[in-house]
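Participant: Residue numbers (the working numbering), protein chains in the order written: chain A, 1 to 232; chain B, 1 to 316.
If you're looking for bench data, these hints aren't it; they were derived computationally from the structure.
There could be a bad hint or two in this list.
To be verified - Derived BS3-like pairs: lysine-lysine, alpha-carbon spacing no greater than 30 Å straight-line:
1. B/219 with A/84
2. A/147 with A/75
3. A/14 with B/219
4. A/8 with A/165
5. A/5 with A/52
6. A/161 with A/5
7. B/219 with A/52
8. B/162 with A/147
9. A/28 with A/172
10. A/171 with A/201
11. B/19 with A/8
12. A/163 with A/201
13. A/5 with A/171
14. A/165 with A/201
15. A/165 with A/75
16. B/219 with A/75
17. A/52 with A/84
18. A/14 with A/84
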Amino acid sequence: MVTIKNLKAGYGNKIVIDDVSFDVESSKLVGLMGPNGSGKSTIIKAFFGIAKTFSGNISVLGRNTNSYMLDELSKTVAVQRPVKPGTIKLPLSAYVSLGLPVPDENRLDNILQDFDLVAFRNTPISDLSDGTLQRASLAQTVIRDPKVYLLDEPTAHLDLKYKVKTFAEIKKRLGPQNCALAVVHDTSLARAFCDWTVFLKDGRIFWQGNPEDITQELLRSLFDLEDNQILL
Amino acid sequence: MFVGLLFGSSGIGPIDAIKAIASILGFGDSPETHTRIILLMRLPRMLVSVLSGMALGLAGALSQTLFRNDLADPYIAGIGSGAIFGVNIALLSGASLTILGFSTVSIFAFAGAVLACLIIWLLSGRTGSTGTSLVLAGVALSFVFAGLNYIIVVLGRDILQKTFFWSYNGLSSSSYTGVVFLAIAVTISIVMLTGLPRKMDAYLLGDEQATYLGVNPVKLRSMMFVIVSLLTGMAVTTAGLMGFVGLITPHISRRIVGGESRYVVPCSILLGGITLGLADVVGRSIMPFQEVPASVIMNIAGGLFFFYLVSRKPSW
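Looking at chain A on its own, in the form it has when it is part of the complex:
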């Protein structure tokens, strides 16, 4: 469903992603892993041109992303990225509803229940805790019912219960018409929920494969750790 081919992308003149290729097949959840600064978020940002594509391309449903109108692309691909609410007094319900072209009370109620947000319905997003805001941003992504989910650290700020719940909610929604690409840092979560993992290092693919096959050695060399440093 999503094909990334020889992607070279970055900001200004700076190349962050260099010659990256991989696919996300339908109904699959692919984990994007790697050290900080390895270019994980840049791949996600490149879908909407927030990061500049220098060469290569990203195609969604067989079409190059830059052939989509913004409106069309935003209905097909939903991106969840960290939000900085600052002093924005927008109530949570309105924030989540921004995922919909037209407000839909029924759908909103269901999603708020799925993410345990009913109690915060009228709270301005500036007053939410980090964890609640994170769930709200997931709710905003999920309410759109997109074909493609792009999730940048969907479990940031979440406790163990919500980490598991979040991935379960996403997996629940992956039918034959959907797929998801998620930045994941937690190896055990990747093993539990991802169908495939892609490891990036310095903007290039370091390794890709089944999450079952992630080894201690692989993680040590990826994160430049010594032999005696313990890993999960």
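Could you slot chain B onto chain A? The hints should help.
Facilitator: This is chain B only, laid out in the frame that chain A set:
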């Protein structure tokens, strides 16, 4: 609004005013001077104060969205000092022509306001910068204009006094031309805003988030710039400098109706109209045979009220 017709500094009391209005509507008799004062002075003035208040309330709500800053007001892009710059240039050149019922001073004020907005808009397009840096650019531009204004004031005698009078007493020269143009500006803006509140909410989250939600932030920003400069330029031209309305009405609106743009925008329009209309009535009736400019009333009463609001609750 009706109250605005009853009070004034011309010595016609509320009872005489009611008689005059009745006679205009065809009931009873009233001295002609009274009906003339009501029709040619108080009515247009009241309409201009209410309409420019609406324009500034709306422009304020848009500015705070556009700059993503709660301290933004319609004058933040240097519009205020830009307008004064225009006025100063007009006075310095000594030109006096009238176009569509507007004096040179008014036209130059409008041009100065739009020029300031244009500079900031071009800058935001060139650098792609938004938020704080855009606000800073606006503040910087204000200083540049203030400097130029000082030079002009030194160059030409009498200009300082005239500019000062123009800034504060804009409403005292209200005309029906002003009413018509303001009404057109407000109407066009409201029409342009149809369907925008949802996009404004998405825009508030930042350019990147807006893009993911299908909103082109560059396009929306340009649109808001156009509306803000049109409204503020028109308000400055017809009513002089009216500080504070644009800053406080969106804040008070958010307190009343919450943070959604679809409620904040209409509420700011309404509150802006009421506030400025009232400020002008108070300013005209507070001292017999003398006027206190509405902007002065706004500054003092609005400032104190705002201070009270902020101090009442620690988290804004």
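Participant: Hint by hint, note whether the structure agrees.
Facilitator: Structure-based check of all given hints:
Using a Cα cut-off of 30 Å, the hinted pair residue 219 of chain B and residue 84 of chain A holds, with the two alpha carbons roughly 22 Å apart. At most 30 Å may separate the alpha-carbon atoms for a hinted pair to count; residue 147 of chain A and residue 75 of chain A meet this at roughly 8 Å. A C-alpha spacing of about 26 Å is found between residue 14 of chain A and residue 219 of chain B, which places the hinted pair at or below 30 Å, so the restraint holds. Distance check on the hinted pair: residue 8 of chain A and residue 165 of chain A sit about 34 Å apart at the alpha-carbon level, beyond 30 Å; violated.
For a cut-off of 30 Å, the pair hint linking residue 5 of chain A to residue 52 of chain A stands: about 15 Å separates their Cα positions. Restraint check for residue 161 of chain A and residue 5 of chain A: the C-alpha separation of about 36 Å exceeds 30 Å, so the hint is violated. Pair hint residue 219 of chain B plus residue 52 of chain A holds up; C-alpha atoms about 19 Å apart against a cutoff of 30 Å. In summary, the hint linking residue 162 of chain B to residue 147 of chain A is not supported, as the alpha carbons are separated by about 64 Å, beyond the 30 Å threshold.
Restraint check: the Cα-Cα separation between residue 28 of chain A and residue 172 of chain A comes to about 11 Å, which is no more than 30 Å; the hinted pair holds. Restraint check for residue 171 of chain A and residue 201 of chain A: the C-alpha separation of about 27 Å stays at or below 30 Å, so the hint holds. Using a Cα cut-off of 30 Å, the hinted pair residue 19 of chain B and residue 8 of chain A is violated, with the two alpha carbons roughly 79 Å apart. Between the alpha carbons of residue 163 of chain A and residue 201 of chain A the distance comes to roughly 25 Å, so the proposed pair stays at or under 30 Å and holds.
A hinted pair counts as satisfied when its Cα atoms are at most 30 Å apart, and residue 5 of chain A with residue 171 of chain A qualifies at roughly 25 Å. Taken as a hint, the residue 165 of chain A and residue 201 of chain A pair is honoured in the structure, with Cα atoms around 29 Å apart against an allowance of 30 Å. Restraint check: the Cα-Cα separation between residue 165 of chain A and residue 75 of chain A comes to about 24 Å, which is no more than 30 Å; the hinted pair holds. Among the hinted pairs, residue 219 of chain B with residue 75 of chain A is consistent with the structure: their alpha-carbon atoms are about 19 Å apart, no more than 30 Å.
Taken as a hint, the residue 52 of chain A and residue 84 of chain A pair is honoured in the structure, with Cα atoms around 22 Å apart against an allowance of 30 Å. Note on residue 14 of chain A and residue 84 of chain A: the hinted pairing holds, with a Cα-Cα distance of about 25 Å set against a maximum of 30 Å.
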